[in-house]
Every structure is written in C-alpha cells, then in structure tokens.
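Asker: Hey, can you work out the whole structure from these sequences and the hints?
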Amino acid sequence: MKVTIVFAIFLVALVAFTSGAPGKGSTKASLQKKPCLKECGDVYKPVCGGDNASKPRSYGSECVLANFNCESGMIVLALVQIILASPARKIRQADFTTTTTPSPSYTRCLNNCLTTQEYNPVCGTDSVTYQNEAKIRCAQRCGKSTEISFRGTCQAL
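Read in order, the letters of the sequence shown correspond to residues -20 to -1, 1 to 137 in mature numbering (1 follows the signal peptide of the UniProt record, and there is no 0).
The set of hints was computed from the structure by calculation and includes no laboratory data. Some hints could be false.
Distance ranges between label pairs, derived from CB positions [as the list claims (entries may be wrong)]:
id	residue 1	residue 2	range
1	Arg117	Pro84	16 to 24 Å
2	Asp22	Phe130	23 to 31 Å
3	Leu94	Thr133	39 to 47 Å
4	Phe130	Met54	42 to 50 Å
5	Ile128	Cys16	42 to 50 Å
6	Ser52	Gly21	36 to 44 Å
The structure displayed is predicted, hence computed values, not measured ones. The C-beta atom is built at its ideal place from N, Cα and C for all residues, glycine as well.
Answerer: Put into structure tokens, the structure is as follows:
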C-alpha cells in the first residue's frame, strides 16, 4: 500500500515537473499549453513596460508583453507605446525613388531611448518629421546627423 502511494506521488511530481512553462523559444504547440498565451506574429509595435520593482524595458508589442506576463506570472504594465521617428525617408531623383532603412544598431538605440509621447512635431535638416524635440535629440544621440530645421511637419518631396 505504501509503495502504491509513493509511486502515485512520484507520478504526480513527474507530470508537474515536465509540464512547466514554455521558454523563450516557444513553439506553436507549446503555446497551446497555457490558455493565456497568444500567437503574436511579426508585428513590431514596441511598448515600454514596468512593474514598479525593476527597471522598465521594451517589448516588441503589447502581445509580447502579455505573453511575458503569462509565462512569468508577473504583472508588467505597458507604460507607453514607443513611437519611432524613423530616419528612413524617400528621396525622389529624376524618374526613380530610393528608400533608405535604418541600421539595426540605430534602431536598437532608439528603442532604448525613453522620451515623452507629446505631439509637438519638428522637421529635421534630414527632412524627417520627429514627434517632438526629445525624439530628434534621441536620434542625434544615436548617431543621426540632423538638427531642427523648423517647428512643424516636413513637407513631402
């Protein structure tokens, strides 16, 4: 009888141990293990989140933040949505259009630069409209060679 009880407890412990939360590399199959996990896709709309106990950090989207909360059991709230003032712009030359894209290191730098969400646009000397003066200063700290040309939105070429 004691052997049966010990064996039953061992089986319960084994099942509990092997059904742990999925790690960072969660597959679609493992997403089905916890009903709170969602498939987020490849949409990148970063948010800054914090729990008042540790330093805020950025998450790829509100969905990614929700999955972090689900997996960790923590309650991290989205503090602000990060709006990137992208240095990418279209340049029209004769009969063709080219588009430049920001480098990954520049994008990472912008993602780590905390600014307000105030909408008070400024036009940079690079013909990019930045959401506010803090956003253009952040771009400068990240290596972008630009200055404030005037307050307001840049006109399309």
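Asker: None of the hints should be skipped; say for each whether it holds.
Answerer: A quick look at each hint next to the structure:
no.	hint	verdict
1	Arg117 - Pro84: 16 to 24 Å	holds (21 Å)
2	Asp22 - Phe130: 23 to 31 Å	violated (36 Å)
3	Leu94 - Thr133: 39 to 47 Å	violated (23 Å)
4	Phe130 - Met54: 42 to 50 Å	holds (44 Å)
5	Ile128 - Cys16: 42 to 50 Å	holds (45 Å)
6	Ser52 - Gly21: 36 to 44 Å	violated (21 Å)
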